[in-house]
Each structure stands twice: as structure tokens, then as C-alpha cells.
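*Asks:* If you want the building blocks of each chain, they are given just below.
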Amino acid sequence: MTMKDHNEENEVRKDAPMLFGIPKQDPFAVEEGFFERFPHQVQALASQRSRTPRLIWMKRAALALPALALVIFAVHSLRAPNDPDVAAFTPDEALQYATSEQFDTQTIMADATEAEWPVFDSVTVQLTPNEALAYVDQHDIDLTDYLHQQ
Amino acid sequence: MNEPTDEELIALFRKEESRHYAFNLLVRKHQQRLYGFVRRMVTDPDETKDVLQNVFLKAWTGLDKFREDAQLYSWLYRIAHNESISHLKRMRRGIFTSEATVTDRLTSSMGSGEHFTGDEIQRKLQRAVMTLPPKQRAVFTMKYFDELKYEEMSRVTGTSVGALKSSYHIAVKKIEAELTQGLSRPDQTNPVQERQSNR
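Quick mapping for you: the protein sequence lines, in order, are chains A and B. Residue numbers are given in my numbering: position 70 of the first sequence equals residue 61, and the series is strictly consecutive. Residue numbers are given in my numbering: position 124 of the second sequence equals residue 132, and the series is strictly consecutive.
Among the hints, a few may not be true.
Covered stretches of chain A (chain B as the covering partner; in silico rule of three or more C-beta atoms under 8 Å from a C-beta of chain B) [claimed, not checked]:
#: 1; region: 26 to 33
#: 2; region: 55 to 66
For lysine-lysine, the following DSSO-like pairs were computed, each having C-alpha atoms within a straight-line distance of at most 27 Å [what the hints assert, rightly or not]:
#: 3; chain 1: B; residue 1: K181; chain 2: A; residue 2: K(-5)
#: 4; chain 1: A; residue 1: K5; chain 2: B; residue 2: K157
#: 5; chain 1: B; residue 1: K37; chain 2: A; residue 2: K(-5)
#: 6; chain 1: B; residue 1: K173; chain 2: B; residue 2: K97
#: 7; chain 1: A; residue 1: K15; chain 2: B; residue 2: K143
#: 8; chain 1: A; residue 1: K5; chain 2: B; residue 2: K97
#: 9; chain 1: B; residue 1: K181; chain 2: B; residue 2: K132
#: 10; chain 1: B; residue 1: K73; chain 2: B; residue 2: K57
#: 11; chain 1: B; residue 1: K73; chain 2: B; residue 2: K132
#: 12; chain 1: A; residue 1: K15; chain 2: B; residue 2: K37
#: 13; chain 1: A; residue 1: K15; chain 2: B; residue 2: K157
#: 14; chain 1: A; residue 1: K5; chain 2: A; residue 2: K(-5)
#: 15; chain 1: A; residue 1: K15; chain 2: B; residue 2: K182
#: 16; chain 1: B; residue 1: K157; chain 2: B; residue 2: K37
#: 17; chain 1: B; residue 1: K182; chain 2: B; residue 2: K157
#: 18; chain 1: A; residue 1: K5; chain 2: B; residue 2: K173
#: 19; chain 1: B; residue 1: K143; chain 2: A; residue 2: K5
#: 20; chain 1: B; residue 1: K132; chain 2: A; residue 2: K5
#: 21; chain 1: B; residue 1: K173; chain 2: B; residue 2: K143
#: 22; chain 1: B; residue 1: K66; chain 2: B; residue 2: K157
#: 23; chain 1: B; residue 1: K97; chain 2: B; residue 2: K23
#: 24; chain 1: B; residue 1: K173; chain 2: A; residue 2: K(-5)
#: 25; chain 1: B; residue 1: K73; chain 2: A; residue 2: K15
#: 26; chain 1: B; residue 1: K66; chain 2: B; residue 2: K132
#: 27; chain 1: B; residue 1: K143; chain 2: B; residue 2: K181
#: 28; chain 1: A; residue 1: K5; chain 2: B; residue 2: K57
#: 29; chain 1: B; residue 1: K73; chain 2: B; residue 2: K23
#: 30; chain 1: A; residue 1: K50; chain 2: B; residue 2: K66
#: 31; chain 1: B; residue 1: K73; chain 2: A; residue 2: K50
#: 32; chain 1: B; residue 1: K23; chain 2: A; residue 2: K15
#: 33; chain 1: A; residue 1: K(-5); chain 2: B; residue 2: K143
#: 34; chain 1: B; residue 1: K66; chain 2: B; residue 2: K23
#: 35; chain 1: A; residue 1: K15; chain 2: B; residue 2: K132
#: 36; chain 1: A; residue 1: K(-5); chain 2: B; residue 2: K97
#: 37; chain 1: B; residue 1: K143; chain 2: B; residue 2: K182
#: 38; chain 1: B; residue 1: K57; chain 2: B; residue 2: K181
#: 39; chain 1: B; residue 1: K66; chain 2: A; residue 2: K15
#: 40; chain 1: B; residue 1: K132; chain 2: B; residue 2: K157
Keep in mind the hints are simulated off the structure, nothing from the lab. Just so you know, even glycine gets a beta-carbon here, dropped at the ideal spot from N, CA and C.
Start from the sequences, fold in the hints, and give me the full structure.
*Replies:* Structure representation (C-alpha cells):
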């Protein structure tokens, strides 16, 4: 013990004269034969434990698999049903993209099948070209200005 | 036959054919000192047995990974320290379980001579120790009863030497206050002074 430790120890002892006046003894009784039996008891538990790790893992897997299946099902159900790339665009973004110079709508519309046409939140009616013509005809819409602009 | 050293025990443990034998010897060698520490921490003999069983079961599963640059006893002591604190925390986990309830339950065994052979001042001291929070109780027990050096305590608890010194000093003051509580009244006598004057 260094001098510093010794001084610290004395300091502590000075603060607690009653505590340090108590003789140190072990006041706890241990039942007879405890320390003879105890190693065997621990040994038995340890042996039991080393025999059962596979069983424990199987039990854990049996509990974890249904939970995992539920999580996968929940995640799958909560995901948007549309193509994520399409769903990621807002209608405004799609319009901006459609009117940009790089965007050739005619080519894309010609290449795309009807099923591939994107569905926007704000669009509630989808018409085939024939249906669109029938709509124009039925509502007597004049397309002259539009055709001149083109 | 001489008692095997810790290094010999570890070497025996790592061989499949002598694993159980080595572990049995290891428990026999270290059980009493560890029991003393755990019993001071939890007081109740049944709880002590539970904690000590967990200590050695953890040693059983962890001994293969034990690094031999550390002392086996310090490593076991660290497990005992952590297990005791975890056990005390678990006991307090109930919504309606207060610190006082746990302490009363743990110290109830001190009422019978079957479990406690100390005199009144020893009983009072142990009750005072049980009023300390678990971590501080561990520090006090390691220093005061087991007389560990601060450096060794630091390895066991993972706390700095400075913090341990401070914690021990505070614990000592608290226990002194518990022991002297009520002794200022003229009708009370100091049991330590009384015993010394009777010698």
C-alpha cells in the first residue's frame, strides 16, 4: 500500500469509527453439507444445458418462424400495389416530366400497352383512343384550334 | 494431492474427456469465496444459491472463451458481481415492489439463528449494508469485507479507481450513519464501545 493509499484509508476510517470498530466475521450460517452438494448440483445443471442447445434452437425457431411469416405478410400488404417507380411520382411531377423536351409521348404511348399506362391519383377515367374519339364526338368538341397549334 | 492451479483447471476443462471433472474441481475451489460475496449482496440463503448457480453456469458456457491473461478468480468474481446486481434488479422489477420490500424480504432470514449466527451489531451492520443501492453495496462488500485492492475492483466492475474510492467513501459514511442512528439518545449505548469495555 502506498503512502497516499494509507492516508486515504485513514481518512475513511476517521469518518466511521463505529463501523471500523466492529470485528470482521462471517455471520452467515450455511446449511450443513451445502458445499459438498453444490458442485454436483451445478454439474448436473451444466450437463443438462450442454445436452439441450439444439432443442432450444429448434424451439426458438418454431416460435420465430410464424412471427417472421407474419411480418413478411404485413410488409407485403402495406406496400403500394402499383409499380414503386410510378407511385413515387406526384401528378405534378409526372406532368412536368411529360412536358419536358426529352419526353416523346407519342413514341411511349405507341410502345406501351394499355396495361402499362400509368395510373395517377387525380385521373379517375382511362379512355382508349376509340373511346376518346367517341367522347369528343358525343360532346361535340371542336378540336380545330388544338390541331392548328400542333 | 495438491489443489490444481487455475491454469491446470482451464487446460483440463478444454479437453472433452476431462471437462466435467475440471469443472467440478473449479466449483469446489472457488465456491466458498464467491458464496461469501453473493450472500453479503443478497443476504437470503435461497437467493444466494440461485445467484451462485447462475454464476457457475455462465462460467461453464464462457470458460472456453476465457482469456488466460486475466485471473480466473477475478473473472468469476466479475460474473458474480454482475449476476448479483442483475438479480437484485430483477427482484425490483414488479410495479408494486419497492426497494424496502425487497430488502425486508431478503433480510427476513436474518431473524433465525439457523441462517444468521452474528450478534446484534453484526445484524445491524448487515441491515445497513442492505440499505445501499446494489452497485454501491458491491463496492462496499468488495473493499470492506473481501479487502480487494481498488485496481482489482476496477477490473471486476469496469469502473475507474477514482470513482470506486469515492463510492466506497460515501458508502462508509452512509453505513456509519445507519449504525449510529438513535445512539445520541442517553438511554442508548454504543454496542461496539460496550463490547470493548467488557473485555
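*Asks:* Of all the hints given earlier, name the ones this structure violates by number, lowest first.
*Replies:* 2, 5, 8, 11, 23, 25, 26, 28, 32, 36, 38, 39
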